[in-house]
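Peer 1: If you read the sequences in order, they're chains A, B and C.
Heads up: take any position in the first sequence, counting from 1, add 137, and you land on the working numbering.
Heads up: take any position in the second sequence, counting from 1, add 106, and you land on the working numbering.
Heads up: take any position in the third sequence, counting from 1, add 1, and you land on the working numbering.
Some hints here could point you the wrong way.
Unchecked claim - Derived coverage of chain C by chain B (criterion: at least 3 residues anywhere in the stretch with Cβ under 8 Å from a Cβ of chain B; other residues may be distant):
{"no.": "1", "segment": "70-83"}
{"no.": "2", "segment": "90-97"}
{"no.": "3", "segment": "120-129"}
As the list claims (entries may be wrong) - Counterexamples of contact, computed for chain B against chain A with all Cβ distances above 12 Å:
{"no.": "4", "residue": "Glu166"}
{"no.": "5", "residue": "Leu177"}
{"no.": "6", "residue": "Asp205"}
{"no.": "7", "residue": "Gly236"}
{"no.": "8", "residue": "Lys265"}
{"no.": "9", "residue": "Ser368"}
Keep in mind the hints are simulated off the structure, nothing from the lab.
We put the CB at the ideal spot given by N, CA and C, even for glycine.
Residue-level listing of the chains:
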Amino acid sequence: MTDYLIRGANVLGQGIADIAIKDSTIVDPDLLNPDDGDVEVVTANGRIALPGLVDMHTHLREPGKEDAETILSGSRAAASGGFTCVHAMANTAPVADTAGVVEQVHRLGRTAGYTEVVPIGAVTIGLEGKNLAEIGAMARSAARVRIFSDDGICVSDPLLMRRALEYVKTFDGVIAQHAQEPRLTEGAQMNEGVVSAELGLPGWPAVAEESIIARDVLLAEHVGSRLHICHVSTKGSVDIIRWAKSRGVEITAEVTPHHLMLTDELVRSFDPVYKVNPPLRTEADVTALREALADGTIDVIGTDHAPHTAEHKCSEWTAAAMGMVGMETALPIVVEAMRDFDFDYGDLARVMSATPARITGASGHGSLEIGASANIVLIDPDSNHTIVAEDHATKGRNNPFAGLEVSTSITDTFFYGHRVLSGGTLSTPHPAGASWTDQ
Amino acid sequence: MKHLLDTLSLSREEAISILDIAEEMTQVSEREVKKLPVLRGRTVVNLFFEDSTRTRLSFEAAAKRLSADVLNFSAKGSSVSKGESLQDTIETISAMGADALVVRHPGSGTPHRLAHSGWIDVPVVNAGDGTHEHPTQALLDAFTLRRALGGFSASGAVKDGPRGRGLDGAKVAIVGDVLHSRVARSNVHLLARLGAEVHLVAPPTLLPWGVETWPVTLHYDLDEALHSEDYAAVMMLRVQHERMHESFFPNEREYARLWGLSAARLAGLPEETFIMHPGPMNRGFEISAAAADSPRALILDQVENGVSVRMAVLYRLLTGQEETND
Amino acid sequence: MTQRTVLDAPDMKRAMTRIAHEIIESNKGSDDLVLLGIPRRGVPLATRLAEQIASISAQPEMARELVGSLDITMYRDDLRSGAYRAPEPTTIPAAGIDAKTVVLVDDVLFSGRTIRAALDALSDLGRPAQVRLAVLVDRGHRDLPIRADHVGKNLPTSSSERVNVSLAEIDGEDGVTISGGRE
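With the sequences and hints as input, model every part of the structure.
Peer 2: As structure tokens, then:
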């Protein structure tokens, strides 16, 4: 494997330094001889170096919906977006509710070799919300599943939720809840508000999210378990999470780039590219979410990358599928969304890498310290460009940011020491094949 | 004007111009040849994803009186459930040479989506989409009311009709299931744009969240609402029986008692208040037979005027070179 | 831009009076006569002719029964390609046009396309015995085989010139001018 000497990187935006990579590990730069034939020098020229990004929330669609995305295409999208570790949600076909399915996802991720694919296990069999899935078997499988979620569907039964929260303590697991009270959101098409009243689209009220979060916070406190809230989208949810944290509840919360950037006003176009679950909310919600990310109430960015085939979006609004792609635009969008806040590159590394790695136990990620695994991303903060959905590695073209001007681009991704993205172009997968983590 | 998708984006001038053209169109029924050559050689496609014989016939008659060829495409149910995407359906119709699309769809926003999708480049008329809008219904309601308030025959050909006027100062009460009513949404915007003062009367369960931002006065209590103003017209909305099972109100009896236009409530109205209903009516539920059949009811005039108003809309959209932006 | 007056108010009055006499003469009186003005400026001209004919026939109250307007907007051959036009009212005298002598009245006869449209519109309204055409100005350059029966003034023009008719009822004063054209 080639060793790398990254010269003149602005590490975490806190100062210029060199970073050396030897045998998939970050080492002291003095240990590498740039004249050595096996050492490739990368001139960073002041580009920002961050630890490789970790996505707690992505949909890779394989197995079952390979026309929308495969683990390979999703892995390449992850590498393009600077992610060295992504967590694949369980709502595949078949559902990732057994050791067999999670091991298959895990194996396909390793074979792809562009990013570390960590499967998320379903909480309930078939995401049906009735019986617990084989959480223990998934935790002890080769995939070592630690995050369990029925994402896409809420674990709405309070008793089942309590049991799941308690049961995963055995494996130091976390339940990631998709907070959506099902009865309050029957037939829902968009945020319930002034815009939905005018457009005559059935509303998805904020209270349907907030009531579940409130309940689950109380349950987590009662049973002393860890709880993660997926894609927080409302101001009220932020208030409840802030209150829960002040009480010492072990809760972490996630927000998507699109909920930090877009509002339900966009639904006036009736373009299904803006149809997503939870729905785009109001300006007041967007502001509250940005503040919460800045002050630490919200811990992490999760992309909720959800590719769909054209036929699921080339339709009327009401028939269209919910979801947006987001891995390749996450970092630039978060940078734009947080521009007016006291939010530096260290904060960006915290919410997009270190904290998600800590929550999920992704030990190879989240650090640029010497001795850490060489999962690194280089970004150019002054490369104004327009987002073009067709330029992306994901198969999904349902990109709500297409046409938007952003300042930041991801230029290089080092994945366990291998440069999978080079100067903005995808290169080869990790040469160690499926055994890259066996170090 | 490239499309007619809603009344929200219709200016007062555009709305009055359509009503005025409709006045000319009423004359056609009195003539030797009850047809105009305006759309000769052009094809209007009625694309109905939801059953509505009345609306489809009204559009069909309008297009035919303007000499257009009419193709009726009935595709009940969602396009996805048939395994064909909306895009495929539209591109097929486009290939058949449609010059205009009249679209009825159970999903809010579908006509808007078609108009802006790039799949077809012809004028789109919204013939009712989900619980969003039904702009031609609101236009024909305004046409009928403008006639009636001007002291003219509410339907049929009238010489020197009320051209150029709005509905300034008229108080209109819209009563019933506003939440699920595309007619209510279209009427609220259009009536307000034409200068009318709109009152909405409904149980809170049947008003959309956020209705306070609309240019209306809200009432929960029908009797209180009817006593508070002398209305130019009271417009009753159709209430679907299913709503009862969804707990929007306890049962039909209670709804009829609290929000129905009963004979007693009719008797309490001023002589000059007109009664309107977009049809089809649930007699004895939201409207009593006494009200529906009263001489003050404009309900049949509304139906009759539908053809002239839809002729006016097709004329407005299909003649004249359009500026590039819509 | 140069502009020259070709008819002033008294010229116009004389021309209209002459046309009124011609119409009575060719119709052998004012019976079964209908004057239909083509909007916009044909309508006041038709009204003036009707008033003159009624007064010549010593039945001033008859003027209103003689005159109507015939909008041709919906019969134009450029309805699709031209600028959008709102239709104007068509009003037919109570006695109708069947078996009548209908005189179409317009301000300027140019390509003949307006009159072609008017003839189509007329045939959808009924079946007149005869149709005649009266115009204030015939400026030539016909695209269609149409001619006027009564002409206020024949005006040789180049096709790039503009003929502007002003009428007191619409424009505040009477007069016909020519403007533009290449020298």
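Peer 1: So, for every hint listed, does it hold in this structure?
Peer 2: A quick look at each hint next to the structure:
no.: 1; hint: 70-83; verdict: holds (count 7)
no.: 2; hint: 90-97; verdict: holds (count 3)
no.: 3; hint: 120-129; verdict: holds (count 6)
no.: 4; hint: Glu166; verdict: holds (23 Å)
no.: 5; hint: Leu177; verdict: holds (20 Å)
no.: 6; hint: Asp205; verdict: holds (22 Å)
no.: 7; hint: Gly236; verdict: violated (6 Å)
no.: 8; hint: Lys265; verdict: holds (39 Å)
no.: 9; hint: Ser368; verdict: holds (29 Å)
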